[in-house]
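Asker: What follows is the residue order along each chain.
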Amino acid sequence: MNSTTSGGYPENCCGFIKAKQKFKNHDSTDSPSRAKSRGKLKLMNAFFLNLLLPRSGSYHNFKVSKPTIIFLSFVFLLVSAFLLTGCIKKSVEEETTIHFVTWKPNIPGAWEEIFKIFKAEHPDIKVVKEVGPHSSTAFHDLLTQKLKNRSRDIDVFLMDVIWPPEFAAAGWAMSLDDLFPASEQEQFLSGTILANTYEGQIYGVPLFIDSGVLYYRKDLLDRYGFTPPETWQELVYQAKKIVFNESKKNRELYGFSGQFKQYEGLVCNIMEYILSNRGNLVNPESTEPEIARKPALEAVRFVRDNIIGGIAPVGLLTYQEPESLDLFIQGKAVFHRNWPYAWEVSNNPERSVISGKVGITRLPHFPGGKSFSTLGGWQLGISNYSENKEAAWTFVEFLTSERIQKLLALKAGRAPTRRALYDNSEILRAYPHFSDMKDVFLTAYPRPRTPLYPAVSNVLQRYFSKTISSRSSNIEKEAESASREIEKILSLTKK
Amino acid sequence: MNRLLFYITTFVVVFLSLLPFAWFFNTSLKTPLEITSIPPVLIPSGTLRSYQSAIEEYNLLHYVKNSVIVAGSTTFFTILISIFAGYALARLRLKYKGVIMGSLLLVSMFPQISIAGPVWKILQSLGWLNSYQGLIIPYITLTLPLGIWILASFFRELPGELEDAARIDGCSHFQTLFKIMVPLAAPGVFTAAILVFIYAWNEFFFALLIMTQQKFQTLPVGIALFQGQYTLPWGEIAAASTVATVPLVFLVFIFQKRIVRGLSAGAIKG
Amino acid sequence: MNHVSFFSQMKLSLLTREKIFAIALITPCFLLVATLAFYPILYSFYLSLHKIILGLPSLGQPFIGLENFRELLSDKVAIHSLINTFIFVFSSTFLEIFFGLVIALVLNKHFRGRGMVRAAILVPWAIPTVVSSQMWRFIFNDNYGLLNYIVFGSVTSSYTAWLAHPVSAFSAIVAADVWKTSSFAGLLILAGLQTIPDELYEAARIDGASAWQQFRKITLPLIKPALLIALLFRTMDAFRVFDLVFVMTQGGPADSTNVLQFYGYKKIFAEGLMGYGSTISVLVFLIIFIVAIFYIKVIGTRLFQEKG
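Protein chains in written order, with the numbering used here: chain A, 1 to 495; chain B, 1 to 270; chain C, 1 to 308.
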């Protein structure tokens, strides 16, 4: 029976209706119960037959209809594709290699060299490098995801200084107590060793260190006969005087630039004020929060009243490292707080207009206190689920050895973690300020060390951002509630 | 007077719609010094340095490749499944149609956070984190309501006699669907494909959570995370944003009629 | 020959076969949606009843009943983010419907180049939210932002840090969202406008009605369904705002742009507090669910009835 309506109808569709009519009449004599069970069978048959059988003229060939073929083949392709990707992933890991997860280095050339040396000295170990995303938080997420997964494509990884407790408590980082004895540990800066220790065991080897330092415009300070300020009050005074006197020539000069956006860097910046006022964030022995105590409150008040909107632009509340550095290297700030990497950038004539006019010194303190800087830096950890732990340790040992740290220092400007290198003549020649910085690095102070540091940090960030961004903030009240929040979080780890 | 007001309004609307993107595109053609100059420079020097840097140092092309794979696959599978389900809901006699459509609508409104954790856990147990299928399959789920909604409305528009005529000719259901209905609803299929592609290309939340390895990340994630600890490369971000947007702008300009039709399908039919 | 006898056993009506076919068609969709949408919602509920801290696996995952919810009620930050979210939803939705109406009225007229204008207005909608967020972040920049340049010209000392003050940062986010999605609202309303027959306006004009009266008495009532649908979609989307906050402000300054979905994200994925974070996600879901039900009741169930 061919269609008489508009074209486009398939021509091999045919007398299904005819056949159906025939069978309808056939079954009308069955008993009810048989009909029911037959009905169920019919349903199942119909399901498959309906899909698979073509409605062609002859019912003799058991042909599967075209659409069905296409459908099934796609399903098959899908399934095999997924299985295949799974297989491919597995086969790559049969070789004896170690996977090193790192993040994008600022100076890749130095790393290339390092890998070449390692390959020459350890031809039996192949290092596969995986570069993580740019931002530290994204890198953290990548690592934790792999480790939560017990993934086999991670053996050695870089850790930010605040991660070891978290990684240790979660069982992700391997304890290095046997491989990294106390005698070896002593060769490293003690602050960095402390940061890698959790509940008496060590979980990482420090690779390089960062700590907050104060940069200043040597030319401007000289012009007004100032020496680098010792106290914060002095800094404010100098900044005000310089800005005022320079205002006729340079309307856009600010006194200070730092990082005060609501992120991790905010905690680093403000901790330096608090510590230098003989206060603390959390007492390391009793693990009691101390942000509601007087020294901490005073420090925060000082930042709110004198720095933000005082000698520094309000925009600092939106700045992380890049923006704050930009302000400085464009000649719009007298003082600048940042990590050691800024030294290179400030003196690079291609990016900075103040090249050659930069001074570097330790951060100021409050009267009666001492100068403190927040400990930063990166360490190497080994995955607890690694299947090549010895090879991994060989690599870690290699990277943190004296000569490689020296290479990193000379070629990439990274501050080493081995004490001895601070007396090394080559390094001091290239970076004369390292000799001053040694003291700063030696006394760099870590942030609260707890596996739940991200949660604690969020509370601190919230508290600091709230109080310094509004003139009318009630610092005592906010500090109290933040304190209680931190206590609650820390109590979770005490069980 | 009315006319003048009309023209002014139109001009303002168009100008405001295009200005931010034009500015960003403008930025992608500036040198680093021009980008950070205060006050901003209006005329760029027309250098392609940002694009070059984005490709060489920030793996821009990898992100593009991943986005194409993910969005393309999602579109293909979603459309296929939407054809099935949309047809069933529009034309076939099925009980609880209202409930099904309603629950699909509900799914399209689910806040991502409410399903993110469990979906992540499911994918983790399957080992599909940081894999294409790990992102494609959730995307299919999320775009199904959109696809089904559009296709159902297009199918509904076709005359009811089509099936009966096909039945008389003895066509199987499958044949009816693929040989007759789909070609006639082709505009709807096309529209749905465009909308699904745009959605999958732009999605950020799940891409951020599921793809943490750079080699699998899609464009939105890449662009959001360009910033490192030491650098905020506005030029490269602008360049990558332009690359991410230009294909969509083309799609929109060429297919604006269809897109409008597809988006308002729900409104008109309702 | 086999098939003939097979068929003799089948007394399936066309109706039943069609039902089976329909079920077969729906199955893939149903499976996906059930596993990756409905099951996760239920699982989120389940997780919110436990204490789960990913960073401390040694503590296990004890069942704590509604403890998380009790804590949520006293969590000031959560309440603050809830308020932020509501304010965001109200202000952005209102502005989007308003601008959407303007856009729809403009596009309703036939004029040369209407296609181009329509395409230009669709560009903001088509741009990835992340790109739009970066764009606006750059425009609001306190040093080299376009906005400062437009408002203050070359007087760089007056340049404002828009994203540094809680109120202006929040407004910036609303502005970016309105810019991006007004065209979508406009399209939905346009669809409604186009169903109004011209004769109505003709008749009104003959009767001497002014343009404003025509708008009030004819246009507004007749586009009510379209307006409501636009409102529904925009409200749902506004509750789920995330990308803008993530890229532009990360919830700051001082949590002024902390919205529910972002707060939940931080709790679950940054702090690893999966139990408590799930509580937040359950809350967001319930809010959206209630609002959706409310809207659907108002719009009526016309949308879901089958045709013919």
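Hints listed in this document are in silico derivations from the structure and should not be mistaken for laboratory results. Wrong hints could be hidden among the right ones.
Below, simulated PhoX-like cross-link-like pairs (lysine-lysine); rule was C-alpha separation at most 20 Å, straight line [said to hold, decoys possible]:
#1 B:95 / A:104
#2 B:95 / C:19
#3 B:97 / C:19
#4 B:257 / C:109
#5 A:148 / A:116
#6 B:121 / A:148
#7 A:488 / C:297
#8 A:477 / C:19
#9 A:129 / B:215
#10 A:148 / C:51
#11 C:297 / B:97
Asker: Look at each hint and say if it fits the structure.
Answerer: Taking the hints in turn, this is what the structure says about them:
Among the hinted pairs, residue 95 (chain B) with residue 104 (chain A) is inconsistent with the structure: their alpha-carbon atoms are about 57 Å apart, more than 20 Å. The hinted pair formed by residue 95 (chain B) and residue 19 (chain C) meets the criterion: a straight-line CA distance of about 9 Å does not exceed 20 Å. Proximity of residue 97 (chain B) to residue 19 (chain C) is assessed by CA-CA distance (about 12 Å); at most 20 Å being required, the pair is judged to hold. The hinted pair formed by residue 257 (chain B) and residue 109 (chain C) meets the criterion: a straight-line CA distance of about 15 Å does not exceed 20 Å.
Under the criterion of a C-alpha separation no larger than 20 Å, the hint pairing residue 148 (chain A) with residue 116 (chain A) is inconsistent with the structure, at around 31 Å. With a C-alpha separation of about 11 Å, the suggested pairing of residue 121 (chain B) with residue 148 (chain A) holds against the 20 Å cut-off. For the hint pairing residue 488 (chain A) with residue 297 (chain C), the CA-to-CA distance comes to about 43 Å; that exceeds 20 Å, so the pair is violated. The suggested pairing of residue 477 (chain A) with residue 19 (chain C) is violated, with an alpha-carbon distance near 66 Å, which exceeds 20 Å.
The hinted pair formed by residue 129 (chain A) and residue 215 (chain B) meets the criterion: a straight-line CA distance of about 13 Å does not exceed 20 Å. Distance hint between residue 148 (chain A) and residue 51 (chain C) is fulfilled; the C-alpha atoms sit about 18 Å from each other, no more than 20 Å. The hinted pair formed by residue 297 (chain C) and residue 97 (chain B) meets the criterion: a straight-line CA distance of about 17 Å does not exceed 20 Å.
This entry does not satisfy hints 1, 5, 7 and 8, going by the numbered hints stated previously.
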